[in-house]
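Heads up: the sequence lines are chains A and B, in that order. Residues -19 to 94 (the working numbering) make up the first sequence, in order. Residues 12 to 125 (the working numbering) make up the second sequence, in order.
Hints in this document: simulated from the structure, not taken from any laboratory. Where hints are given, some of them may not hold.
[To be verified] Only pairs whose alpha carbons sit at most 16 angstroms apart, straight line, appear in this in silico EDC-like list of lysine to aspartate or glutamate: (1) A/21 to B/99; (2) A/20 to B/19; (3) A/20 to A/64; (4) A/16 to A/64; (5) B/60 to A/82; (6) A/20 to B/99; (7) A/-2 to A/47; (8) A/21 to B/77.
[Claimed, not checked] Restraint-style ranges between C-beta atoms, simulated for each label pair: (9) A/19 to B/79: 40 to 50 angstroms; (10) A/47 to B/90: 26 to 36 angstroms; (11) B/71 to A/6: 13 to 23 angstroms; (12) B/88 to A/8: 31 to 41 angstroms; (13) B/21 to A/37: 28 to 38 angstroms; (14) A/35 to B/41: 20 to 30 angstroms; (15) A/0 to B/31: 35 to 45 angstroms; (16) A/-6 to B/77: 18 to 28 angstroms; (17) A/-8 to B/20: 20 to 30 angstroms.
Just so it is clear, CB atoms sit at the ideal spot from N, CA and C, and this is done for glycine as well.
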Amino acid sequence: ETGVTQTPRHLVMGMTNKKSLKCEQHLGHNAMYWYKQSAKKPLELMFVYNFKEQTENNSVPSRFSPECPNSSHLFLHLHTLQPEDSALYLCASSQGDGNYNEQFFGPGTRLTVL
Amino acid sequence: AQSVTQPDIHITVSEGASLELRCNYSYGATPYLFWYVQSPGQGLQLLLKYFSGDTLVQGIKGFEAEFKRSQSSFNLRKPSVHWSDAAEYFCAVGARNAGNMLTFGGGTRLMVKP
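Required output: the full structure, derived from the provided sequences and hints.
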């Protein structure tokens, strides 16, 4: 595997379910990101991790819970979601060396909340 | 805070015709600027970036963009469009004092007529 991978690619869940999205990067990067892409809205940054520490939480509801066990893996735990949370969730990674570095994106997880 | 506007939600061009996608940003200093492309069902792929120096930037797939400080613009161009260029294009800006975070425009969907 190369680049940034995300699993599952598609997920359908009910509002009472608990599920997790997984992201893995094979680029040796130290920073990882979660974005939400909804129809007709700009890409929204949700969370940022640098060297496994969360450095940004963009006022995301607590029903979304990120976890970064190491620099290569990032999870987004989901519970009691709402239908308006249906979206494409994109993971990205970049070097976290203090300089400005481009972000590399995974293919996304298409989430549908019923 | 920085912001990005892509005035054209949809653009249709004929194959072989030239293309220009508009991007305007709002930021108090010289920003980092990016263009990404997203094909259906895929993540975002970086086309090109501007950090400093020459204001005309060359990217992949024959794309280029020009940074015009006086107009706060970073328009994307291609002299001859191919059918495979049909996708959604996103302009993004990074602030030099905001870590490695990006603010995205709403995107422009490009359709290519045969």
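Hint by hint, here is what the structure shows:
1. A/21 to B/99: Holds - the C-alpha atoms of residue 99 of chain B and residue 21 of chain A are around 13 angstroms apart, at most 16 angstroms.
2. A/20 to B/19: Holds, at roughly 13 angstroms.
3. A/20 to A/64: Given that 16 angstroms is the threshold and the Cα spacing comes to 13 angstroms, the pair holds.
4. A/16 to A/64: holds (11 angstroms)
5. B/60 to A/82: Since the Cα atoms of residue 60 of chain B and residue 82 of chain A sit roughly 8 angstroms apart, the hinted pair holds (cutoff 16 angstroms).
6. A/20 to B/99: holds (12 angstroms)
7. A/-2 to A/47: Answer holds: residue -2 of chain A to residue 47 of chain A is near 15 angstroms, not above 16 angstroms.
8. A/21 to B/77: Status violated; Cα separation ~25 angstroms.
9. A/19 to B/79: 40 to 50 angstroms: Given range 40 to 50 angstroms: violated, Cβ gap about 31 angstroms.
10. A/47 to B/90: 26 to 36 angstroms: violated (46 angstroms)
11. B/71 to A/6: 13 to 23 angstroms: holds (21 angstroms)
12. B/88 to A/8: 31 to 41 angstroms: holds (33 angstroms)
13. B/21 to A/37: 28 to 38 angstroms: Holds, since residue 21 of chain B and residue 37 of chain A (Cβ atoms, about 34 angstroms apart) stay within the stated range.
14. A/35 to B/41: 20 to 30 angstroms: holds (23 angstroms)
15. A/0 to B/31: 35 to 45 angstroms: Since the Cβ atoms of residue 0 of chain A and residue 31 of chain B sit about 42 angstroms apart, the hinted range of 35 to 45 angstroms holds.
16. A/-6 to B/77: 18 to 28 angstroms: About 49 angstroms separates the Cβ atoms of residue -6 of chain A and residue 77 of chain B, which means 18 to 28 angstroms is violated.
17. A/-8 to B/20: 20 to 30 angstroms: holds (28 angstroms)
Figure legend: structure checked against the earlier numbered hints; hints not met, in rising order: 8, 9, 10 and 16.
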